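Residue numbers (this note's numbering), protein chains in the order written: chain A, 1 to 173; chain B, 174 to 346.
FYI, nobody ran anything at the bench for these hints, they're computed from the structure. Predicted, not measured: the structure shown is a model, and the values here were computed from it. Idealized CB from N, CA, C, for every residue including glycine. Don't take each hint at face value.
Stated by the list, open to error - Here are the simulated lysine to aspartate or glutamate pairs, EDC-like style, with alpha carbons at most 16 Å apart:
(1) Lys87/A <-> Glu201/B
(2) Lys87/A <-> Glu249/B
(3) Lys86/A <-> Glu201/B
(4) Lys40/A <-> Glu256/B
(5) Lys259/B <-> Asp118/A
(6) Lys213/B <-> Glu167/A
(7) Lys328/B <-> Glu310/B
(8) Lys260/B <-> Glu74/A
(9) Lys9/A <-> Asp118/A
(10) Lys260/B <-> Glu113/A
(11) Lys259/B <-> Glu76/A
(12) Lys86/A <-> Glu316/B
(13) Lys235/B <-> Glu84/A
(14) Lys62/A <-> Glu257/B
(15) Lys96/A <-> Asp118/A
(16) Lys278/B <-> Glu201/B
Stated by the list, open to error - Here are some of the chain A residues that sit facing chain B, going by a computed Cβ distance under 7 Å:
(17) Thr77
(18) Asn92
(19) Gly93
(20) Val95
(21) Lys96
(22) Val97
Protein chains: 2
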Amino acid sequence: MKEVEIRAKITDNTVASIERIGAVLKYESHEIDDYFKFGKDIDRKLVLRIRTSSKKTLLTFKGSAKGEDIVWSEWETEIERPEELKKLLLANGMVKVTTINKHRKSFSFGKFEINVDDIKNLGNFIEVQVMSENVSEARAEIEQILNRLGIQKEKFITKGYVPLMLESGATFK
Amino acid sequence: MKEVEIRAKITDNTVASIERIGAVLKYESHEIDDYFKFGKDIDRKLVLRIRTSSKKTLLTFKGSAKGEDIVWSEWETEIERPEELKKLLLANGMVKVTTINKHRKSFSFGKFEINVDDIKNLGNFIEVQVMSENVSEARAEIEQILNRLGIQKEKFITKGYVPLMLESGATFK
């Protein structure tokens, strides 16, 4: 089973159309992700993410290596005292890459998950995802859902929020 | 209250003399500390330690910054799946600095703690420590205990196990 996902930028609030096709709101969340890297790690080989939400805080190591061996590209642990860790990182050679401040509305639509994300300084996005054995079939089904919501293929984006934020040149603190 | 500590290298096993002066064995432990840094972090500004023992595994960020502001020089969290984290670090630009493989016998002697450490590839050490408001008084008391154990001032060392290991040029894996 693979997670298949398509993301698109939305200019107005599509929440109304999502509810119109029969999707059900499951939860709303607010997460603030701070991304750090070593100042000298120009290629961003290793990135640390500290994710804060009302529920818990997670520390994630994200590696860019994709070797032939089994290499873990992500490792996560729940933590406490994130502010102390951030101070220590910034005082010792790490720099903040960006912050993704995300308000999410998550809907379920049959086997699909539909997320509407409001990313501070970046805009509103929709993500439709599903677990599937058949990637091309799943992509076709997701495209169909997006079409029903009035979102055409030209609007699809493959990049994640971090590269989008870096390209946007948004300032953050 | 500050932790005051003196360490010395011991050539033979001083455990017998420690017990003779009336210290009581509290516990024995075995810890393996793996130290990592960014390959490009030549000054070792930030070091990650993964400490494995029979009880639990700890991940510690150790910063070298000692600014005038309140800067956290150490941040620690309990973790699981350390082997996965190690693989991710080594595959993404971090290198192992050294490994400290330590068998410890810890004794209590009144208000003092006496540790006898057998460090693989480095030798045997004694550490006497106490929490005190008065550093110079505490140091004098510790020196007296060490003298009773036949360890004179010339044998005292101020360096930690990591710099000692690096100086020794010991190979490790």
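Now the hints, each set against the structure:
Between lysine 87/A and glutamate 201/B, the direct Cα distance comes to roughly 35 Å. Violation of the 16 Å bound is thereby established for this hinted pair. The suggested pairing of lysine 87/A with glutamate 249/B holds, with an alpha-carbon distance near 13 Å, which does not exceed 16 Å. Our distance criterion of 16 Å between C-alpha atoms is broken by lysine 86/A and glutamate 201/B, whose separation comes to about 35 Å. Between lysine 40/A and glutamate 256/B the CA atoms are separated by roughly 25 Å; this puts the pair beyond 16 Å, and the hint is violated.
About 35 Å separates the Cα atoms of lysine 259/B and aspartate 118/A, which puts this hinted pair outside 16 Å; it is violated. The hinted pair formed by lysine 213/B and glutamate 167/A fails the criterion: a straight-line CA distance of about 26 Å is larger than 16 Å. Only pairs whose Cα atoms come within 16 Å are accepted, and lysine 328/B paired with glutamate 310/B is rejected, the gap being roughly 20 Å. Between lysine 260/B and glutamate 74/A the alpha-carbon distance is near 10 Å, which keeps this suggested pair within the 16 Å criterion.
With a C-alpha separation of about 10 Å, the suggested pair lysine 9/A and aspartate 118/A falls inside the 16 Å cut-off, and the hint holds. For the suggested pair lysine 260/B and glutamate 113/A, the alpha carbons sit about 32 Å apart, so the restraint of at most 16 Å is broken. The hinted pair formed by lysine 259/B and glutamate 76/A meets the criterion: a straight-line CA distance of about 12 Å does not exceed 16 Å. For the hint pairing lysine 86/A with glutamate 316/B, the CA-to-CA distance comes to about 39 Å; that exceeds 16 Å, so the pair is violated.
Of the pairs offered as hints, the one joining lysine 235/B and glutamate 84/A holds, with about 12 Å between alpha carbons and a cut-off of 16 Å not exceeded. A distance of roughly 12 Å separates the Cα atoms of lysine 62/A and glutamate 257/B; the hinted pair therefore holds under the 16 Å criterion. This hinted pair does not check out: lysine 96/A and aspartate 118/A have alpha carbons roughly 21 Å apart, beyond 16 Å. Between lysine 278/B and glutamate 201/B the alpha-carbon distance is near 5 Å, which keeps this suggested pair within the 16 Å criterion.
The interface hint given for threonine 77/A is met, as the beta carbon of that residue sits about 5 Å from the closest beta carbon of chain B, less than 7 Å. The criterion of a C-beta within 7 Å of any C-beta in chain B is met by asparagine 92/A, whose closest approach is roughly 4 Å, and the hint holds. Hint status for glycine 93/A relative to chain B: holds, with the closest Cβ pair at about 4 Å, below 7 Å. Annotation: valine 95/A was flagged as interfacial toward chain B, and the flag is violated, the nearest CB pair being 12 Å apart, outside 7 Å.
Because the closest C-beta pair between lysine 96/A and chain B is about 14 Å apart, greater than 7 Å, the hint is violated. Checking valine 97/A against chain B: minimum C-beta separation of about 15 Å lies over 7 Å; hint violated.
Figure legend: structure checked against the earlier numbered hints; hints not met, in rising order: 1, 3, 4, 5, 6, 7, 10, 12, 15, 20, 21, 22.
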